[in-house]
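With chain S's structure known, arrange chain D on it following the hints.
Chains as they are written, first to last, in the working numbering: chain S, 1 to 163; chain D, 1001 to 1095.
Hints were generated in silico from the structure; no laboratory data involved.
Don't take each hint at face value.
[Said to hold, decoys possible] From the derived model, a few chain S residues whose C-beta atoms are all more than 10 Å from chain D:
no.: 1; residue: Lys41
no.: 2; residue: Gly42
no.: 3; residue: Thr46
no.: 4; residue: Asn50
no.: 5; residue: Ile80
no.: 6; residue: Lys136
no.: 7; residue: Lys140
no.: 8; residue: Asn144
[Unchecked claim] Short derived list, chain D residues pointing at chain S, Cβ under 10 Å:
no.: 9; residue: Lys1040
no.: 10; residue: Tyr1070
no.: 11; residue: Gly1071
Ideal placement from N, C-alpha and C gives every residue a C-beta, glycine not left out.
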Amino acid sequence: MQKMTSENKEKEKSAVLVLGCPQVPVQTGIALYLISALRKKGIKTTIAGNRAARTLVEVSDPERHYVGEVMDIDRYIGEIAEKKRDFDYHFIFIHNDAGVSYAATVQAITGKTVVALIYGEHFQEIAGTIGFPCEKIAAKAVHNPMPLKNKLDEALPWVVSNL
Amino acid sequence: MGCIESLKYEIILRDASFTECREYIRSTCKEYVGVDPGFKIFDKHIIGVPPIFIGFDGDVIIFPFTKPCYGTFLMRVEDHDEAARIRQSAVQSKK
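Extracted from the complex, chain S is given alone in its bound form:
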């Protein structure tokens, strides 16, 4: 029988959800859904976003059943740029050009394949502007989260086992 030591104990995986401007309603619901799905896979999650995006998530989960660490988006960029923090998975919420810029920045800093969750009215146009390596999960979801939730359900097992 193999002895369980600290060396062969698998390190807990971590993911960060980088939220964009919360002007598209599906963002907060999908973020909480994704946190739940990742937690079921044993992945520790952190939320990074601006004040409005963070507050929406925190108010939606007052007892913190799902939400763990929450941090400012600039602090997140600073910490990964200065190699103070590292995450196994970076999920970037994108519905505008700024979201694409954040995803490109995270990809360039970490060298990892980021997961781009692309939604909103112009999701195809936005997805077409992405020329850097990333895993795209895209759907026309503005008020109804189901199209993006369904795409996430299809892609998440692959993403978590392959990235």
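Just chain D, lined up with the frame of chain S:
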């Protein structure tokens, strides 16, 4: 915008794409440098799709600045020390 908001700045382009910012700097600045995302400018890590160009006109620095809710701005700020620091730490691509 943190400390950048407290600077005396001028907005050249509003809600611009990174390609537009890059083209503006390439076509109007006699001197510019290319930096990677995460490069520090006015103590903030720059966000963007690489290559990110920063232009100069003497002590004036022209650079893109992204905010999640407002998109990307191309800004112009005069600062002798910061211009010298960027010139020193970035790889120059002078025209």
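Each hint tested on the structure:
no., hint, in the structure
1, Lys41, "27 Å, holds"
2, Gly42, "29 Å, holds"
3, Thr46, "17 Å, holds"
4, Asn50, "5 Å, violated"
5, Ile80, "8 Å, violated"
6, Lys136, "15 Å, holds"
7, Lys140, "21 Å, holds"
8, Asn144, "22 Å, holds"
9, Lys1040, "8 Å, holds"
10, Tyr1070, "7 Å, holds"
11, Gly1071, "5 Å, holds"
Going through the hint list in order, the structure does not satisfy hints 4, 5.
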